[in-house]
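Each residue of the sequence shown is one higher than the last, beginning at 1 in the UniProt record's numbering.
Check the hints yourself; a few may be wrong.
[Unchecked claim] Here are the simulated BS3-like pairs of lysine-lysine, each with C-alpha atoms no more than 30 Å apart in a straight line:
no.	residue 1	residue 2
1	103	91
2	18	106
3	112	180
4	124	191
5	103	68
6	191	73
7	103	124
8	112	204
9	68	186
10	124	112
11	270	191
In case anyone wonders, no lab produced these hints; they're calculated from the structure.
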Amino acid sequence: MKENRRKSSQDKFFYLTKLPYIHEIEIGVASHDQFVSGDWVIAETRYGVDLVRILGLAKSYKEKSESKRHTSKILRESIPLDFEEMDSNNKLSLIYEDICREKIIKRNLEMKLIKVHILHGKSKVIVFFTAEQRVDFRELVRDLVAEFHTRIELRQIGVRDETRSLGGIAMCGREYCCHKMNDQLKPATIKMVKDQNLSLNSSKISGGCGRLLCCLAYESDTYAQSRSELPTEGSLIVVENIRYRVSEVHILTQEVTVVNCDDSAIKPFKIPVKNFRYHSEDNSWIELKEPDIKKDIPGKKIVLTPCGCSRPEGTRCKGCTSQL
Numbered sequence: 001m002k003e004n005r006r007k008s009s010q011d012k013f014f015y016l017t018k019l020p021y022i023h024e025i026e027i028g029v030a031s032h033d034q035f036v037s038g039d040w041v042i043a044e045t046r047y048g049v050d051l052v053r054i055l056g057l058a059k060s061y062k063e064k065s066e067s068k069r070h071t072s073k074i075l076r077e078s079i080p081l082d083f084e085e086m087d088s089n090n091k092l093s094l095i096y097e098d099i100c101r102e103k104i105i106k107r108n109l110e111m112k113l114i115k116v117h118i119l120h121g122k123s124k125v126i127v128f129f130t131a132e133q134r135v136d137f138r139e140l141v142r143d144l145v146a147e148f149h150t151r152i153e154l155r156q157i158g159v160r161d162e163t164r165s166l167g168g169i170a171m172c173g174r175e176y177c178c179h180k181m182n183d184q185l186k187p188a189t190i191k192m193v194k195d196q197n198l199s200l201n202s203s204k205i206s207g208g209c210g211r212l213l214c215c216l217a218y219e220s221d222t223y224a225q226s227r228s229e230l231p232t233e234g235s236l237i238v239v240e241n242i243r244y245r246v247s248e249v250h251i252l253t254q255e256v257t258v259v260n261c262d263d264s265a266i267k268p269f270k271i272p273v274k275n276f277r278y279h280s281e282d283n284s285w286i287e288l289k290e291p292d293i294k295k296d297i298p299g300k301k302i303v304l305t306p307c308g309c310s311r312p313e314g315t316r317c318k319g320c321t322s323q324l
């Protein structure tokens with residue numbers, strides 16, 4: 001914990017806290033702002049009093065007051081004994097998982113055991129599971145209470161929650177976004193798949209949970225912004241005084257595939273459209289020559305970037321990370 005980072009008259013400070021066993025993020029409320037990212041604290045989570053990790057201070061009170069995240073009270077800073085208990089509980093939870101699995105099979109219940117977690121202080125045992133239909137687990141609860149001699153909570157979660165809690169490596173080679181980055185990513189849609197020119201092959205656009213990849217929604221705004229600067233499919237584009245029609249847009253390479261409007265014998269080909277601008281009078285996209293490019297961006301000196309493209313001075317180049 002960082003001492004005396006800054007003084008403030010605020011009575012409450014809001015932190016992002018992470019529950020490591022289920023990888024959920026909550027809003028923790030403390031009476032000071034001395035905690036920093038990586039600190040461990042004891043907090044009243046949605047499941048009960050437990051050890052959680054501080055991710056950092058929340059950005060603003062307004063953001064947190066409108067958040068759908070659970071708000072928990074931070075009780076105190078962690079001590080070495082808390083970590084010893086956490087290690088002991090984690091080892092014990094593996095034994096409890098085997099017992100739960102045996103009881104589920106014995107009761108012939110149509111449910112999949114995901115994880116067993118023991119709260120700090122052994123006040124409660126939480127059993128996370130998935131099921132396609134509603135499950136009557138009252139008899140199972142009685143069995144587990146008799147076995148563990150503590151409070152038992154069975155909590156049904158969805159397939160996305162299962163993937164988030166267990167984690168894994170995605171097709172991109174990185175950890176699942178929901179597990180590593182954020183537990184409340186926007187839902188993805190088929191429209192996002194089409195906007196990003198991706199194949200509708202389900203195996204290529206689905207994550208470990210079997211649902212559409214979360215990164216489709218994460219990158220959607222960037223694709224929408226890039227697409228707004230390019231010609232759309234079906235629009236006219238004039239190249240060397242010859243009219244073509246756009247048949248395909250390549251967002252990442254800033255290119256379009258065009259077909260000749262007057263001669264179908266000419267094969268479609270790709271052209272870069274970085275220097276094309278839309279002209280409403282002709283209802284077409286026309287390439288700007290070097291003098292026209294300078295006029296098109298008044299007050300900005302056109303300079304050459306390290307990667308060899310021309311950009312207005314003071315702007316970032318899309319082809320490199322240099323800022324001129």
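Does the alpha-carbon distance linking residue 103 and residue 68 stay inside the 30 Å limit? violated (35 Å)
Pair hint outcome, residue 124 versus residue 191 [Cα-Cα no greater than 30 Å]: The given pair, whose Cα atoms are some 43 Å apart, is violated under the 30 Å limit.
Straight-line alpha-carbon gap residue 103 to residue 124, limit 30 Å: holds (18 Å)
CA of residue 68 to CA of residue 186, is that 30 Å or under? Holds: residue 68 and residue 186 sit about 13 Å apart, inside 30 Å.
Check the hint pairing residue 270 with residue 191 against an upper bound of 30 Å on the C-alpha distance. holds (24 Å)
Decide if the proposed pair is consistent with the structure: residue 103 and residue 91, CA atoms, cutoff 30 Å inclusive. With a Cα-Cα distance of about 19 Å, the restraint between residue 103 and residue 91 holds, given a limit of 30 Å.
Between the alpha carbons of residue 18 and residue 106, is the straight-line distance 30 Å or under? The given pair, whose Cα atoms are some 35 Å apart, is violated under the 30 Å limit.
Residue 112 and residue 180 were given as a pair; does the straight-line alpha-carbon distance stay at or below 30 Å? With Cα atoms ~23 Å apart, residue 112 and residue 180 stay inside 30 Å; holds.
Is the straight-line distance between the alpha-carbon of residue 124 and that of residue 112 30 Å or less? Given pair residue 124, residue 112 holds - Cα atoms ~20 Å apart, limit 30 Å.
Within a Cα-Cα threshold of 30 Å, do residue 191 and residue 73 meet the stated pairing? violated (40 Å)
If you draw a straight line from the CA of residue 112 to the CA of residue 204, is it 30 Å or shorter? Between residue 112 and residue 204 the Cα gap is close to 26 Å, so the pair holds against 30 Å.
The structure shown violates the earlier hints numbered 2, 4, 5, 6.
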